[in-house]
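Knowing the structure of chain D, use the given hints to seat chain S on it.
Protein chains: 2
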Amino acid sequence: MVQVCNKGMDFVLESIEAITQVNAHLKQIEDLAAVYYREVSENQIPILSGGGSGHEPAHFGYVGKGMLTAAISGPIFVPPCANDILKVIRFLNRGKGVFVIIKNFEADLREFSQAIYQARSEGIPVKYVISHDDISVETSNFKLRHRGVAGTVLLHKIIGQAAYEGASLEELERLGLEVATAMATLGFATKPATILGDNHPMFQLEPGNISFGIGIHGEPGYRTVPFQSSEILANELINKLKMKLKWQDRESFILVINNLGATSKMEELIFTNDVLEFLALDELEIVFTKTGRLVTSLDMAGLSITLCRLQDKKWLQYLQAPTDAFGW
Amino acid sequence: MVQVCNKGMDFVLESIEAITQVNAHLKQIEDLAAVYYREVSENQIPILSGGGSGHEPAHFGYVGKGMLTAAISGPIFVPPCANDILKVIRFLNRGKGVFVIIKNFEADLREFSQAIYQARSEGIPVKYVISHDDISVETSNFKLRHRGVAGTVLLHKIIGQAAYEGASLEELERLGLEVATAMATLGFATKPATILGDNHPMFQLEPGNISFGIGIHGEPGYRTVPFQSSEILANELINKLKMKLKWQDRESFILVINNLGATSKMEELIFTNDVLEFLALDELEIVFTKTGRLVTSLDMAGLSITLCRLQDKKWLQYLQAPTDAFGW
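Sequence lines, in order, name chains D and S.
The first sequence runs 1 to 328 under the UniProt record's numbering.
The second sequence runs 1 to 328 under the UniProt record's numbering.
So that you can see chain D by itself, here it is in the shape it has in the complex (with noise of 0.2 Å):
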């Protein structure tokens, strides 16, 4: 796929002109689809991330204090190009380097590795962390799906606020490779994406139906069922984190119930509840739940659940200190 750097790009900087209208602290880095946060300290390390658009808060909606310093897009469903991806390089760089949040796509692991050679070329140090938190079964081979989904959230927290903290370039690799690999997400959908201005589904799924292990860039999932009821599935969802995750009685997890888009917040709430409670006859201790629209898929319906081994108790922290990043 040949990527065209200004194409479709016209929903994006629309968004990009509300955003930073609204958000005193967030401006467009000039002539690129991406914002960063204009307070962030010299002292810090910045930390970069983004993606193809359509997720929306994600990424901006992650920049600010503690979070990250910088987010970029491209179009809808489609990475920002290594072209402009070096260009934030350079503009966020005071010297100590970069450190950048991908997502585990393909288009985006092409795009953002080209960016970060690079930049390193030019003697910028650049280090990254993968997301590859999504555990659907792929239904041709059923091998695991490792995509970065919601779980990416917990990248940005952690990471950006260890940053904030002073946190150095290598510390902060550590910290990265020790949280992509401490978590899992799994979903469902109710209802396909629709590309603006299309009125056809991304995928077929008719209405009573919900499609497990869906992707957030309008792939279908492993295995379509009637709906039956929150508590079967979320139910479903559990027991294959639990065979990933392996967990014992009283292990402490972070918890994220991610809403696709279009489901509704009593929907999202009615859920969460039943994920508590089956979580709660594990004797897991949830130190940390954070729920709503994070990483959604334009106006798809549907929800997936995150959980995250609390391996440091430090993580607690840097998820409970304050932000002004406005999707968190």
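Simulated from the structure, these hints should not be mistaken for laboratory data.
Quick caveat: nothing in here was measured; it's all calculated off a predicted structure.
Among these hints, one or two may not hold up.
No copy labels: a pair is met if it fits in one copy or bridges any two.
Claimed, not checked - Below, in silico cross-link-like pairs of lysine-lysine (DSSO-like), each with a Cα-Cα straight-line distance of 30 Å or less:
1. K143 - K314
2. K27 - K313
3. K143 - K87
4. K313 - K87
5. K143 - K65
6. K65 - K313
7. K65 - K314
8. K96 - K143
9. K290 - K65
10. K65 - K240
What follows is chain S alone, placed relative to chain D:
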């Protein structure tokens, strides 16, 4: 309509379970579909609001520091009954009385008025304000409909913070009246709401069409037209709001863009940008902007604009004050 206190409340009680588990500062008032702020000072006048459920994060999402002291919900789109409201008023009263914020719907007024009447007869001083910001037009008689819709959140925040800073019951009543009469709201839907567990939309709206002046309880709007562009929608709504608010160049206003639920965040941002451009053409000074899913109607897709004339600079301080209410 006979009000049955305990029917159709399962969804609401499960939501409350989730809310109180996830938010340590919120607690259920025993045996009631009501939530209160645990850390409220004994010295302030407690603020109560509520209504039917299905509008999440309203109203529980506005309980917190410098906002509501408590909120009570009825079943979906049905207000709580007077007797339950009365119990919450008694629970909140510490001798200085209680201030209540009510949305202007017939059933809400009936239940809240009865509760207030009874509380007063028991010697509890109660004052209230009615939010009536909606300016849609009745198709039958061309009269304005003054339902309480998204602008209600401005009352929650401004009155809540004034109470937190020590305003008396009389001062809150005066402030409430000033704010309630300074604002107007108008919106449109692109997709009707569906009640949970029911696949039938609450009014007919063909895909690709939009309905102006919809309600938040599944009421249809005053005019249905094919969707053309976000700009044209913004223009129509702002013209109607200007006819009502009759602003002059360079006046200061507060802006709320409310997402009715299922509209994507990207569409909300694009619409926000269009609204800001039209207001800039009129040289209005927008001193404060709040966007997001503030008062929803289950899974209805649509957006509304609220404009509130800044009659007093104190209002801006009240709006800017920090809060831990999860819906703000």
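As a check of your reading, is K143 near K65 (CA-CA no more than 30 Å) within one copy, between copies, both or neither? Cα proximity of K143 and K65: none, with 38 Å in one copy and 48 Å across.
How would you classify K143 and K87 at a CA-CA limit of 30 Å: within, between, both, or neither? For K143 and K87, the Cα distance exceeds 30 Å both inside one copy (36 Å) and across copies (56 Å).
Between K143 and K314, at a C-alpha cutoff of 30 Å, which is it: within one copy, between copies, both, or neither? Answer is neither: 33 Å inside a copy and 59 Å across each miss the 30 Å cutoff.
When Cα atoms must be at most 30 Å apart, do K65 and K314 count as within-copy, between-copy, both, or neither? Classified as both; 18 Å inside a copy, 27 Å across copies.
I want to check one pair: K27 and K313. Are their C-alpha atoms no more than 30 Å apart within a copy, between two copies, both, or neither? Classified as between: cross-chain Cα gap 26 Å, same-chain 33 Å, threshold 30 Å.
Indicate which option fits the pair K65, K240 if close means a Cα-Cα distance not exceeding 30 Å: within, between, both or neither. neither (35 Å within a copy, 39 Å between copies)
Since the copies are identical, ignore which copy is meant and state whether K65 and K313 lie within 30 Å (CA to CA) inside a copy, between copies, both or neither. Answer is both; intra-copy 21 Å and inter-copy 27 Å each pass.
How would you classify K290 and K65 at a CA-CA limit of 30 Å: within, between, both, or neither? both (18 Å within a copy, 19 Å between copies)
Treating 30 Å as the Cα threshold, decide for K313 and K87: within, between, both or neither. The answer is neither: 36 Å in one copy and 42 Å across copies each exceed 30 Å.
Which holds for K96 with K143 at a C-alpha limit of 30 Å: within a copy, between copies, both or neither? neither (39 Å within a copy, 64 Å between copies)
The structure fails hints 1, 3, 4, 5, 8 and 10 (numbered hints given earlier, in ascending order).
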